[in-house]
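Residue numbers (the working numbering), protein chains in the order written: chain Z, 1 to 330; chain L, 1 to 330; chain S, 1 to 330; chain G, 1 to 330; chain D, 1 to 330.
Treat each hint with caution, since some may be false.
Copies of the same chain are indistinguishable here, so a pair counts whether it falls within one copy or spans any two.
Taking lysine-lysine and the BS3-like style, the derived pairs with C-alpha atoms no more than 25 Å apart in a straight line are [what the hints assert, rightly or not]:
#1 K239 with K75
#2 K272 with K325
#3 K184 with K239
#4 K272 with K239
#5 K184 with K272
#6 K61 with K75
#7 K184 with K325
#8 K61 with K325
#9 K61 with K184
#10 K272 with K75
#11 K239 with K325
#12 K184 with K75
#13 K75 with K325
#14 K61 with K272
#15 K61 with K239
Rather than coming from a laboratory, the hints here were simulated on the basis of the structure.
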Amino acid sequence: MPRVIVDCAMYRDGRRSAAPEDLSDALDEARESGDAFLWVGMYEPSEEEFDHVSQEFGLHKLAVEDALTAHQRPKLEVYDDSLFVVLKPVVYDEEADTVSAGELMVFIGDSFVVTVRHGEGAALAAVRHRLEQDPEVLRHGPTAVLYAVSDAVVDHYIEVAAELQADLEELEAEVFAPNATETKNTAARIYAFKRQVLEFRRATNPLLQPMDRLAFGNVPFVHGHAQPFFRDVADHLTKASEYIEGLDRLLSDALAAHLAQMGVRQNDDMRKISAWAAMAAVPTMVAGIYGMNFDHMWELRQSWGYPVVLVVMAAVCLGLHRLFKTRGWL
Amino acid sequence: MPRVIVDCAMYRDGRRSAAPEDLSDALDEARESGDAFLWVGMYEPSEEEFDHVSQEFGLHKLAVEDALTAHQRPKLEVYDDSLFVVLKPVVYDEEADTVSAGELMVFIGDSFVVTVRHGEGAALAAVRHRLEQDPEVLRHGPTAVLYAVSDAVVDHYIEVAAELQADLEELEAEVFAPNATETKNTAARIYAFKRQVLEFRRATNPLLQPMDRLAFGNVPFVHGHAQPFFRDVADHLTKASEYIEGLDRLLSDALAAHLAQMGVRQNDDMRKISAWAAMAAVPTMVAGIYGMNFDHMWELRQSWGYPVVLVVMAAVCLGLHRLFKTRGWL
Amino acid sequence: MPRVIVDCAMYRDGRRSAAPEDLSDALDEARESGDAFLWVGMYEPSEEEFDHVSQEFGLHKLAVEDALTAHQRPKLEVYDDSLFVVLKPVVYDEEADTVSAGELMVFIGDSFVVTVRHGEGAALAAVRHRLEQDPEVLRHGPTAVLYAVSDAVVDHYIEVAAELQADLEELEAEVFAPNATETKNTAARIYAFKRQVLEFRRATNPLLQPMDRLAFGNVPFVHGHAQPFFRDVADHLTKASEYIEGLDRLLSDALAAHLAQMGVRQNDDMRKISAWAAMAAVPTMVAGIYGMNFDHMWELRQSWGYPVVLVVMAAVCLGLHRLFKTRGWL
Amino acid sequence: MPRVIVDCAMYRDGRRSAAPEDLSDALDEARESGDAFLWVGMYEPSEEEFDHVSQEFGLHKLAVEDALTAHQRPKLEVYDDSLFVVLKPVVYDEEADTVSAGELMVFIGDSFVVTVRHGEGAALAAVRHRLEQDPEVLRHGPTAVLYAVSDAVVDHYIEVAAELQADLEELEAEVFAPNATETKNTAARIYAFKRQVLEFRRATNPLLQPMDRLAFGNVPFVHGHAQPFFRDVADHLTKASEYIEGLDRLLSDALAAHLAQMGVRQNDDMRKISAWAAMAAVPTMVAGIYGMNFDHMWELRQSWGYPVVLVVMAAVCLGLHRLFKTRGWL
Amino acid sequence: MPRVIVDCAMYRDGRRSAAPEDLSDALDEARESGDAFLWVGMYEPSEEEFDHVSQEFGLHKLAVEDALTAHQRPKLEVYDDSLFVVLKPVVYDEEADTVSAGELMVFIGDSFVVTVRHGEGAALAAVRHRLEQDPEVLRHGPTAVLYAVSDAVVDHYIEVAAELQADLEELEAEVFAPNATETKNTAARIYAFKRQVLEFRRATNPLLQPMDRLAFGNVPFVHGHAQPFFRDVADHLTKASEYIEGLDRLLSDALAAHLAQMGVRQNDDMRKISAWAAMAAVPTMVAGIYGMNFDHMWELRQSWGYPVVLVVMAAVCLGLHRLFKTRGWL
């Protein structure tokens with residue numbers, strides 16, 4: 001078996017059996033037994049590596065192409081022999097505050113599941129392990145795997161949305177910070193945040209329709225009695241999607257508020273600057289007057305002239321200072 | 001019976017009977033009698049506490065999970081044995097001007113209602129009390145309870161929307177206040193308001209579809225002749241939702257108007273400042289001229305030179321002042 | 001008969017008969033004759049006052065509640081025994097330039113029409129009078145009344161929209177006024193206008209769907225051959241609604257244009273101020289230079305020094321003035 | 001025949017016959033022959049003038065009212081005896097760069113077409129003339145006339161849209177002009193443009209649905225095999241509508257860009273002004289220092305003092321000038 | 001055969017045969033054989049040049065008109081004898097960073113394909129060549145050609161979208177550049193970019209519906225088993241369309257962020273300018289004071305007066321400089 005296969009097992013009546021030696025034999029065995037299925041998990045297989053698997057399970061040419069080249073939209077495609085689902089699990093990088101989306105393709109047939117993973121995001125080992133603890137669920141076959149995988153992916157959406165919510169709160173604190181020096185790059189940060197949200201939305205929104213089909217429609221290879229479960233996933237997905245939509249709106253509002261805030265700050269600064277300028281202009285003007293060279297300026301000749309003028313200057317400055325204070329300009 | 005059960009009663013033909021001693025027996029009794037039902041009200045039960053109830057009434061596993069963990073979207077889910085409705089009653093905090101949403105889950109079966117409440121918001125005691133006064137309505141069984149609860153929740157939406165409307169009017173007064181000092185945090189306040197509205201919208205909008213299903217569709221466990229009543233609730237909900245949508249639009253407009261207002265104010269300030277600066281610049285310039293040290297400056301030698309210059313300075317300042325006044329710069 | 005009943009008459013074959021003495025008898029009579037109907041018009045009835053009427057005509061409890069408490073959304077509700085229509089006629093206050101919405105409830109049964117009016121707006125006397133002049137139309141019974149009333153309400157929408165259009169043109173003149181003093185409260189005026197439009201939209205938009213039902217659907221108590229007439233009303237309503245939507249967009253654009261205009265004006269002012277400041281700065285600088293106390297400043301000793309400097313100062317100022325003029329700064 | 005009738009002719013087998021002397025007889029004749037129809041073209045008829053025609057052809061009362069009072073929305077209305085179509089041809093005024101919409105009502109019956117024109121816009125003489133050159137098409141009867149008229153109206157939309165596109169390009173040149181004086185009224189121009197677009201949209205968008213009905217639905221009095229032709233018109237209409245939508249978006253973007261551009265320009269101006277102010281402030285400050293009256297200022301006594309200070313002043317100014325140049329402030 | 005025919009070949013059982021000498025004979029031959037078809041490729045044919053082909057293949061008059069005049073919307077039109085598809089391939093000009101759309105019309109009949117190309121964009125030679133390498137696919141006849149052509153066009157959309165994404169990243173770097181001189185034309189660049197995106201959207205969005213019809217509907221002349229292939233194309237098209245929509249949103253956000261950024265920069269500049277002005281104002285004021293001509297100014301007479309004042313001036317300036325530095329104004 002090629003090394004690119006991360007895990008591969010036969011499940012019989014909800015319990016894991018020994019890993020099959022040969023895919024072809026195992027598949028025949030599973031088909032015959034009726035209550036068994038094969039689950040092959042792969043990670044970024046190359047064309048040759050995937051060839052063997054896709055031929056064995058009779059996967060559709062177009063789905064195989066999609067599964068090999070990443071950058072697909074989430075979708076659900078029904079072919080004659082199998083069902084093909086593309087999910088985009090997201091990863092939140094705590095340090096960079098960025099969201100990146102991987103890809104997760106699931107092929108569902110009558111007695112097999114093939115999962116292909118691209119990029120980081122949502123390792124399936126945990127999902128598989130949890131499922132193996134729960135033979136009751138696993139007994140439902142490939143449908144159970146599809147449910148468990150999409151449930152895990154969508155639940156992670158909600159967690160990541162909560163992280164972004166926390167980031168938004170930091171950002172809000174920055175936008176409305178009283179101190180201007182902190183807001184130099186606020187617009188850049190809001191913009192970068194919006195890009196993350198867009199990235200996130202590209203992962204979640206196109207999934208809404210496929211999930212609805214699984215929840216309400218009649219999809220081959222998926223048991224009808226699993227609909228309430230997919231409805232639950234669809235519901236969580238809608239919640240995540242609304243959440244993101246809300247984030248996006250708030251970010252637009254935050255940008256608009258930041259703009260208004262900058263206007264307020266600029267006005268405040270302008271007033272403060274002007275107030276100080278006024279306080280410097282008055283002594284300059286007075287000094288200019290007493291710097292005139294008229295022969296007959298009586299005050300200039302008095303011994304008290306200079307101190308009185310200095311006092312007047314200071315008094316006017318203080319008066320202006322108080323005036324500006326009470327008017328909120330300083 | 002666990003203490004987390006707030007109230008629990010058997011209703012027979014529209015009238016409350018004594019509280020049942022054992023849920024299981026009571027349910028059997030209600031089922032047999034045909035015109036009786038059990039109403040169990042719980043408040044934030046833990047998993048173990050809810051276990052007993054959910055098993056007794058045969059509630060669906062997924063609904064039980066949802067009922068235990070709060071933070072659900074409003075929804076209506078139909079299972080084989082019961083109907084599950086999630087409502088999000090909102091609470092308006094008068095002092096902080098904030099809106100917070102609790103959760104209210106209602107399970108409806110053939111002869112029982114289970115209500116689970118999370119967070120504050122819409123205590124059901126009042127609803128139950130009002131219903132018990134009205135045996136005519138209560139006789140319709142679980143459907144009547146669902147109607148009464150959703151009616152109470154939606155009516156409260158309209159009250160809260162009216163509170164927000166009042167807040168908006170305060171905010172408008174602030175945005176268009178003639179005095180600038182009052183508007184330092186206007187952008188922050190509008191933004192915070194928008195967040196409240198978003199929170200509110202998350203409670204109301206996803207409920208529109210479930211209410212429509214109750215009002216027009218054929219939902220199991222709900223009597224068809226209750227449709228006009230649910231249509232009334234749906235109509236009020238639509239009203240609340242349109243109201244909130246309108247608030248949101250007005251807030252965006254208010255933010256834009258605030259921005260424009262800041263521009264006007266800044267321009268006004270700039271003109272005022274410039275006018276005063278001009279009035280200081282003229283005497284300074286004149287004084288500078290007569291401070292030049294040319295030997296042959298005839299005016300400097302005249303005894304009337306100094307007073308005349310002072311008068312000219314004052315006259316120019318006064319003239320400028322009048323000019324700026326008439327032009328609306330001061 | 002209670003005084004709150006504004007007008008009440010029996011119409012037989014399109015013609016008004018004497019006012020009935022007793023509602024109950026009159027209704028029986030109308031039902032028997034087949035081609036007669038009763039039209040009761042009320043104005044803001046209290047609960048007790050309306051009680052008599054609602055019981056006589058068998059109106060639905062929920063509709064009665066709605067009819068008593070104003071602040072309903074426009075809607076069309078079908079009950080077993082009657083049809084309930086809520087219209088929101090609007091009134092335009094010429095002086096305050098405000099739009100306010102009243103309420104008009106119409107109950108239609110097999111042989112009766114009950115109209116309940118709240119607030120100002122669209123007194124029905126004129127509609128009734130016009131109908132009574134036209135027995136041809138009135139012969140169609142309650143349907144004709146519903147048509148005439150909704151036609152009158154919707155036609156008034158278009159008139160009010162035209163008034164608002166005129167207001168918009170005044171506002172546009174203000175936004176793009178060359179003189180700044182006129183635009184101090186433009187943002188406030190645009191915002192207030194948007195609120196009026198929102199109020200208006202709340203009256204018209206929710207009516208679109210009910211009118212469509214009357215125009216295309218099969219509504220009980222409404223004759224099918226009246227559909228072209230209701231289609232005409234629906235068409236006018238759509239026109240009014242599109243008009244309002246257009247107004248709202250233009251107001252948003254006007255606010256944005258006002259913001260841009262403020263930016264242009266601020267820039268213009270800044271340039272004008274700076275130009276004058278430059279013209280004051282040059283003489284001040286020159287005067288400063290000749291105010292220096294160097295012993296060896298040859299110019300200071302010349303008799304032509306002072307006049308030449310004055311001329312230079314004036315020349316520079318004039319030159320700057322011309323420069324700024326040609327550059328469009330002054 | 002009243003003078004308000006612009007043209008009136010009988011068409012038989014695709015060819016124009018002599019103008020009928022009496023409408024009534026002509027209509028009977030057309031009805032009997034089966035392959036003939038009457039086309040009456042009117043221009044702004046008064047009520048009395050139209051009365052004769054409408055009675056002769058049995059036009060519906062509501063449609064007649066609409067045809068007399070202009071200011072209708074584009075629509076398609078099916079009555080028992082005829083089809084009523086309202087089109088809004090637009091006229092572009094090259095000089096004023098404005099778009100104004102006229103009205104064109106078309107009544108289609110089994111053997112007649114009545115066209116009523118209001119305002120300027122799309123004289124039908126050309127359409128009639130072109131049709132008369134093409135008996136092949138004209139043989140299809142009233143349907144061919146409706147097609148030819150709507151085709152002409154919609155094709156003109158696309159021409160007008162192209163004119164507006166050219167106007168937009170002029171406007172863009174103005175928005176991004178390097179010279180500020182040209183942009184004083186840019187916001188006003190963009191706003192006025194948006195109003196034109198709104199006017200245009202009011203003519204085109206409500207027509208989309210009627211055209212779709214003609215293109216895909218089963219409309220009485222219209223031959224089914226004309227559907228591909230109406231689909232073509234509908235397609236052009238959609239193109240015009242998308243074009244206009246695109247114009248509207250671009251205008252919003254242009255307004256936003258203009259705002260940003262104003263910000264950039266203001267900043268540039270502020271920097272330029274400040275740079276010049278700095279260059280004036282330094283000599284003033286230096287002159288102030290040497291204008292101090294200290295007894296012991298050694299430099300003042302030197303014969304080289306004055307020239308050196310002048311050179312220093314000039315050097316500092318030049319240095320500042322170069323500095324500001326390299327920093328892009330000048 | 002006219003020279004405007006770029007390539008013309010008969011395909012039999014998936015393999016190219018010799019070019020036919022006469023279209024008419026070749027078409028008859030293809031029709032008889034059943035598994036053969038003709039593919040005629042044309043480039044910007046004139047009316048006369050196209051006449052021959054359109055008559056031979058019996059193309060619909062309206063489609064022929066569309067095929068001759070470019071500037072069509074993407075669409076799918078079904079006629080009795082053929083299918084007509086308009087695609088708009090886009091070309092990205094690396095140097096000018098512009099997107100321009102050409103046109104590609106495809107006529108599909110029972111045994112023929114006619115492709116007509118206008119403008120640059122997506123030469124079909126490559127597509128034809130690739131198809132000829134793959135007889136398996138080509139055997140499916142005209143459907144295969146339509147699939148291959150639309151696949152090529154849509155795949156190129158995604159490539160161009162990726163180019164635009166790269167351009168966006170350059171633009172973002174410019175918007176958030178720390179150095180102001182680089183952002184003089186940012187608004188103009190964002191606006192120009194939005195125009196490109198609009199152009200692109202006009203090519204892609206109207207194609208969504210036709211592609212959906214090919215992917216899910218029952219379209220004549222197209223084999224039903226090709227649906228998964230068209231679904232794949234439709235899926236890629238949706239991806240391209242969402243991508244573009246995302247670009248457009250980001251550009252709007254970038255413009256808003258640019259505006260905010262300009263505000264921040266203006267404030268920064270204003271503070272920097274004011275700080276320097278304050279540093280110049282203090283020495284000027286002090287110099288003014290010691291330039292007064294009072295007889296009794298003790299300091300003026302001291303030999304240490306002048307140096308002390310100079311030191312004080314420098315100290316105050318240095319102090320202010322440090323103060324402004326710590327406050328982030330410099």
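Going down the list of hints, with the structure as the test:
no. : hint           : verdict
1   : K239 with K75  : both (19 Å within a copy, 11 Å between copies)
2   : K272 with K325 : both (10 Å within a copy, 17 Å between copies)
3   : K184 with K239 : neither (34 Å within a copy, 35 Å between copies)
4   : K272 with K239 : neither (47 Å within a copy, 48 Å between copies)
5   : K184 with K272 : both (20 Å within a copy, 14 Å between copies)
6   : K61 with K75   : within (16 Å within a copy, 28 Å between copies)
7   : K184 with K325 : between (27 Å within a copy, 15 Å between copies)
8   : K61 with K325  : neither (77 Å within a copy, 64 Å between copies)
9   : K61 with K184  : neither (52 Å within a copy, 51 Å between copies)
10  : K272 with K75  : neither (58 Å within a copy, 54 Å between copies)
11  : K239 with K325 : neither (50 Å within a copy, 48 Å between copies)
12  : K184 with K75  : neither (41 Å within a copy, 43 Å between copies)
13  : K75 with K325  : neither (63 Å within a copy, 56 Å between copies)
14  : K61 with K272  : neither (70 Å within a copy, 64 Å between copies)
15  : K61 with K239  : between (34 Å within a copy, 20 Å between copies)
Consistency note: the structure conflicts with the earlier hints numbered 3, 4, 8, 9, 10, 11, 12, 13 and 14.
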